[in-house]
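Protein sequences, first through last, are from chains A and B. First residue of the first sequence? That's 1 in the working numbering, and the numbers climb one at a time after it. First residue of the second sequence? That's 1 in the working numbering, and the numbers climb one at a time after it.
Treat the hints with caution; some may be incorrect.
[Stated by the list, open to error] Computed footprint of chain A on chain B, listed as stretches where at least three residues anywhere in the stretch have a Cβ under 8 Å from a Cβ of chain A: (1) 4–12; (2) 19–29; (3) 32–43; (4) 54–62.
[Stated by the list, open to error] If you want the footprint, here are the derived chain A segments under chain B, 3+ residues with CB under 8 Å: (5) 8–17; (6) 27–39; (7) 57–63; (8) 66–79.
Derived by calculation from the structure, the hints in this document are not laboratory data. Every residue gets a Cβ at the ideal spot worked out from N, C-alpha and C, and that includes glycine.
Number of protein chains: 2
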Amino acid sequence: MKAAVMVRVKPEVLDPQGDAVRRALEKLGFEGVRGVRVGKLIEIEIEGDADPTLKARLEKMADAMLANPVIEDFEVKLGA
Amino acid sequence: MKAAVMVRVKPEVLDPQGDAVRRALEKLGFEGVRGVRVGKLIEIEIEGDADPTLKARLEKMADAMLANPVIEDFEVKLGA
Numbered sequence: 001m002k003a004a005v006m007v008r009v010k011p012e013v014l015d016p017q018g019d020a021v022r023r024a025l026e027k028l029g030f031e032g033v034r035g036v037r038v039g040k041l042i043e044i045e046i047e048g049d050a051d052p053t054l055k056a057r058l059e060k061m062a063d064a065m066l067a068n069p070v071i072e073d074f075e076v077k078l079g080a
Numbered sequence: 001m002k003a004a005v006m007v008r009v010k011p012e013v014l015d016p017q018g019d020a021v022r023r024a025l026e027k028l029g030f031e032g033v034r035g036v037r038v039g040k041l042i043e044i045e046i047e048g049d050a051d052p053t054l055k056a057r058l059e060k061m062a063d064a065m066l067a068n069p070v071i072e073d074f075e076v077k078l079g080a
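Use the sequences and the hints to build the structure in full.
This is the structure:
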């Protein structure tokens with residue numbers, strides 16, 4: 001089945017990439033952009049059913065490798 | 001309001017980063033992972049109401065700067 005892990009920079013951590021995107025959008029003439037945060041969207045095709053066990057496995061993967069828990073939060077969605 | 005732009009490598013385009021993640025997960029002992037694709041999750045705080053005009057503005061931003069339309073698809077979600 002399909003699953004998605006969304007990785008976001010923690011709110012209290014600076015995101016220079018997001019700031020650069022915001023400034024670039026402004027320079028291109030796009031107005032009204034107050035803030036931009038750039039995260040990762042990791043889509044996984046994995047064996048198993050949409051149950052708590054699978055979700056727990058994906059959370060372990062995210063914690064161990066997909067995200068850096070010091071500066072990033074992650075969210076796992078099944079069937080995404 | 002908040003909006004999200006999800007940027008994914010097109011299905012017909014190779015994703016070496018995703019393949020590297022899949023192999024690394026396997027090496028770490030995570031089984032059953034058939035495929036991994038790594039995309040971007042761009043979250044934007046923008047002035048305006050959740051209407052088709054705002055969605056069109058965000059789609060222009062995505063097409064002009066956030067995604068590379070040659071190799072990537074994007075999806076805009078309002079209020080995400």
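Evaluated hints:
{"no.": "1", "hint": "4–12", "verdict": "holds (count 3)"}
{"no.": "2", "hint": "19–29", "verdict": "holds (count 4)"}
{"no.": "3", "hint": "32–43", "verdict": "holds (count 12)"}
{"no.": "4", "hint": "54–62", "verdict": "holds (count 3)"}
{"no.": "5", "hint": "8–17", "verdict": "violated (count 1)"}
{"no.": "6", "hint": "27–39", "verdict": "holds (count 11)"}
{"no.": "7", "hint": "57–63", "verdict": "holds (count 3)"}
{"no.": "8", "hint": "66–79", "verdict": "violated (count 1)"}
Going down the numbered hints, you'll see the structure goes against 5 and 8, while the others check out.
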